[in-house]
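Participant: First to last, the sequence lines map onto chains A and B.
Number 264 in my numbering belongs to position 124 of the first sequence; there are no gaps in the numbering.
Number 285 in my numbering belongs to position 145 of the second sequence; there are no gaps in the numbering.
Hints were generated in silico from the structure; no laboratory data involved.
Here the structure is a predicted model, which means the values were calculated and not measured.
Errors might be hidden in some of the hints.
Since the list gives no way to pick one copy over another, a pair counts as held whenever it fits inside one copy or between any two copies.
Calculated cross-link-like contacts (lysine to any residue; reagent style SDA-like; alpha-carbon spacing at most 25 angstroms) [stated by the list, open to error]:
1. Lys305 x Asn264
2. Lys181 x Glu307
3. Lys305 x Asp287
4. Lys198 x Gly161
2 protein chains.
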Amino acid sequence: MSEHKFCHRCGNSAEQKIPAGDNRPRAVCVACDYIHYENPKNVVGCLLEWHGKVLLCKREIEPRRGYWTLPAGFMENGETSLDGAAREVREEACAECDNLRLFAIYNLPRISQVYLMFFGRLRNGEATAGEETEAVGLFSQQDIPWDDLAFPVVTETLTRFFERKQERIREVHYADIISRPGEPLDIVRHSG
Amino acid sequence: MSEHKFCHRCGNSAEQKIPAGDNRPRAVCVACDYIHYENPKNVVGCLLEWHGKVLLCKREIEPRRGYWTLPAGFMENGETSLDGAAREVREEACAECDNLRLFAIYNLPRISQVYLMFFGRLRNGEATAGEETEAVGLFSQQDIPWDDLAFPVVTETLTRFFERKQERIREVHYADIISRPGEPLDIVRHSG
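Could you put the whole structure together from the sequences, leaning on the hints where they help?
Facilitator: As C-alpha cells, then:
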C-alpha cells in the first residue's frame with residue numbers, strides 16, 4: 141500500500157480512495173483533495189567496455205553490499221535517461237563514457253522499476269571507486285564474478301551483452317524480469 | 141521546486157536540504173528525517189496500425205483538449221511498460237492491440253517525463269471513444285491532422301513511423317525532445 145499517510149501539500153491526513161474518473165485507489169487529502177500519484181521509477185545505468193573487458197563496481201552500500209553491479213541508479217528530474225546513466229558512471233566509478241547508445245529496457249513490475257541500460261566505451265579505460273563503491277574492476281567474459289552479481293537485472297544485462305556480441309546484433313533488448321514470492325525468477329524476453 | 145511542503149509519512153514540515161551522502165536538495169522531514177525523492181514519470185502509449193491507417197484519439201480533457209493524440213498515459217505501479225501501454229489503449233480507445241513491440245523512447249527533461257511508445261496492430265480495426273476521449277479515428281499518412289496534434293512527442297512519433305516504414309527500419313528510436321523558454325523546440329535523435 142501507499143506510504144502516503146499525510147498530504148505533502150497541506151499536511152492534513154490522506155486517505156486511500158478512488159478519485160472521480162479514476163479506476164484505482166490513490167492517497168487523497170481529506171482537507172484539500174490533493175491526489176498523490178505514485179508511479180514507477182527509472183533506474184539508468186551503463187555497460188562500458190574497454191578492450192573487450194567490462195566495467196563492474198563492488199557495492200559499498202545496501203542492498204547487496206559487497207556484490208558486483210553495473211554502475212546504475214535512480215534517474216533524476218530534469219535530466220535525460222542517457223545523461224542520467226553517464227552521471228551514475230561518474231558518481232559510482234569516477235569514470236567517463238563515450239558513444240553511449242540505448243542497449244536494453246527491463247520492466248521489474250514487482251518493485252515498480254524500469255531499467256534503461258546503455259552501452260558505451262569506458263574513456264581511457266580509467267575508473268576508480270566512487271562514494272558508494274568499494275572497488276571497481278574490468279572483467280573479461282570468463283572472469284565475470286557470475287555468482288557474486290548484485291541483482292538479476294545485472295546478470296541478464298551481462299548475459300545478453302555477451303550473447304549478442306557473438307551474434308553481432310545491435311537491436312535494443314526489451315524484457316520483463318518477473319519475480320513472484322516462492323517461485324523461480326522468470327525473464328520474459330520480448331525482443332532484441 | 142518541490143511540491144513537498146509536508147512529510148507524507150508523519151505530517152510534520154519538510155524542508156529542502158541536501159541529505160548526507162547526496163548531492164542535490166530533497167524535501168526532508170524536520171521531525172522524522174524522511175527523504176522525499178521526486179523522480180521522472182513514464183508515459184506509455186501505442187501507435188496502432190490497421191490496413192495502413194493509424195489510430196488517433198481526440199482529447200476530451202486538458203491539456204490540449206480537442207487536439208489529436210496517440211493513446212498514452214502515465215505508467216502505473218506494478219505493471220510492465222508494455223502492459224501499461226495496452227491498458228491506456230483500452231481506457232482511451234476501448235481497443236485491443238496485437239503484436240506490440242517497443243518502438244521509441246523519448247526523454248522530455250524539462251517536464252521530467254520519459255515516453256515509452258509501442259507499435260502494434262489494432263485488433264479487428266475496432267475502437268471507440270473512452271472516458272477521456274471525444275472521438276477516435278483511423279488516419280492514413282496524408283490524412284493525419286498534422287496541425288492539430290496535441291504534443292510534439294506525438295508529431296515526432298508519427299513522423300518517425302512513416303519515415304521508417306518507407307526505409308523498412310525496425311530499430312528502436314531513441315531521442316530527446318528539448319524545450320527551452322523562448323527557443324524553438326529541439327529534437328535530438330540519438331538512434332533509430
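Participant: If a hint holds in the structure, say so; if it doesn't, say that too.
Facilitator: Hint check:
{"no.": "1", "hint": "Lys305 x Asn264", "in the structure": "within (21 angstroms within a copy, 39 angstroms between copies)"}
{"no.": "2", "hint": "Lys181 x Glu307", "in the structure": "neither (32 angstroms within a copy, 34 angstroms between copies)"}
{"no.": "3", "hint": "Lys305 x Asp287", "in the structure": "within (22 angstroms within a copy, 44 angstroms between copies)"}
{"no.": "4", "hint": "Lys198 x Gly161", "in the structure": "between (47 angstroms within a copy, 18 angstroms between copies)"}
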